[in-house]
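> The primary structure of each chain is shown beneath.
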Amino acid sequence: SQTIHQWPATLVQPVGSPLSLECTVEGTSNPNLYWYRQAAGRGLQLLFYSVGIGQISSEVPQNLSASRPQDRQFILSSKKLLLSDSGFYLCAWSGPYRDRCTFGSGTRLTVV
Amino acid sequence: QQQVKQSPQSLIVQKGGISIINCAYENTAFDYFPWYQQFPGKGPALLIAIRPDVSEKKEGRFTISFNKSAKQFSLHIMDSQPGDSATYFCAALYSGGGADGLTFGKGTHLIIQP
Numbered sequence: 001s002q003t004i005h006q007w008p009a010t011l012v013q014p015v016g017s018p019l020s021l022e023c024t025v026e027g028t029s030n031p032n033l034y035w036y037r038q039a040a041g042r043g044l045q046l047l048f049y050s051v052g053i054g055q056i057s058s059e060v061p062q063n064l065s066a067s068r069p070q071d072r073q074f075i076l077s078s079k080k081l082l083l084s085d086s087g088f089y090l091c092a093w094s095g096p097y098r099d100r101c102t103f104g105s106g107t108r109l110t111v112v
Numbered sequence: 113q114q115q116v117k118q119s120p121q122s123l124i125v126q127k128g129g130i131s132i133i134n135c136a137y138e139n140t141a142f143d144y145f146p147w148y149q150q151f152p153g154k155g156p157a158l159l160i161a162i163r164p165d166v167s168e169k170k171e172g173r174f175t176i177s178f179n180k181s182a183k184q185f186s187l188h189i190m191d192s193q194p195g196d197s198a199t200y201f202c203a204a205l206y207s208g209g210g211a212d213g214l215t216f217g218k219g220t221h222l223i224i225q226p
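So the sequence lines, in the order shown, correspond to chains F and P. FYI, the numbering for the first sequence is 1 to 112, going by this note's numbering. FYI, the numbering for the second sequence is 113 to 226, going by this note's numbering.
The shape of chain F in the complex, shown without the other chains:
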């Protein structure tokens, strides 16, 4: 069966520090991968998606970037965090038809 792993679960980082969140998927090949951010009262905002290694599409211009160095690995990064980057970050994967999107357990990021 397919599983998705996301870490760390919580992270407290100072303003201006770098960020790296990692997500891996097991039990499937060539998944579509997604990074979402969830802010209170604002639902789930799609940040990045990827259909293959090295292929990244950005939905929202921001202080963040994403990379997909391997087929089942998706990384969310920032060179310098802002206070506004605080939130709950969720990685997700789907098959080629993009339905049945499965989410990871999320990372609670607090920028102080």
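In case anyone wonders, no lab produced these hints; they're calculated from the structure. C-beta atoms are modelled at their ideal positions from N, C-alpha and C, and glycine is treated no differently. Check before you lean on any hint, since a few could be wrong.
One-sided and incomplete, this derived list gives chain P residues near chain F with beta-carbon spacing under 7 angstroms [what the hints assert, rightly or not]:
no., residue
1, 140
2, 144
3, 154
4, 155
5, 208
6, 212
7, 214
8, 216
9, 217
10, 218
11, 219
Chain F stretches covered by chain P per the calculated footprint, using a threshold of three residues with CB under 8 angstroms from any CB of chain P [what the hints assert, rightly or not]:
no., segment
12, 86–97
13, 100–110
Assemble the complex: chain F is given as a structure, and chain P must be docked to it using the hints.
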């Protein structure tokens, strides 16, 4: 532009009652409408989904009603239980489009009172 509008923002229902959450969409190209359930500190989990070729789908106590002409769909939770207390998100997808992901509503915080 908010393509999926969800209401209410919060909902309190007595145990055993019916919980109803509504969503409306704008893009007529959407052809897949899932509902996700999220418990605090966890990622959302797919609960039930429908495609526009049917008007209703039922799985246990959970039912989706879909009105294509009105561009609306709703989640009904029958015999609501305290364990159903969670945040619920509706979403929509155009599966024939690019590779982008689901478009989500802003969520409904549901509380079932015992």
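> Now look at each hint and say whether the structure bears it out.
Cross-check of the supplied hints:
1. 140: With a minimum Cβ separation of about 18 angstroms from chain F (threshold 7 angstroms), the hint on residue 140 of chain P is violated.
2. 144: Result: holds, 5 angstroms to nearest chain F Cβ.
3. 154: Interface hint status for residue 154 of chain P: holds (6 angstroms vs cutoff 7 angstroms).
4. 155: 3 angstroms, holds
5. 208: 9 angstroms, violated
6. 212: 6 angstroms, holds
7. 214: 6 angstroms, holds
8. 216: It holds, given that the least Cβ distance between residue 216 of chain P and chain F is near 4 angstroms, below 7 angstroms.
9. 217: The hint holds - residue 217 of chain P has a Cβ within 7 angstroms of chain F, the shortest such distance being about 6 angstroms.
10. 218: Interface hint status for residue 218 of chain P: holds (4 angstroms vs cutoff 7 angstroms).
11. 219: 5 angstroms, holds
12. 86–97: The restraint on the segment 86–97 of chain F holds, since 4 of its residues have a Cβ under 8 angstroms from chain P and three suffice.
13. 100–110: Coverage by chain P holds for the segment 100–110 of chain F (8 residues, Cβ < 8 angstroms).
Of the hints listed earlier, those the structure fails to meet are numbers 1, 5, in rising order.
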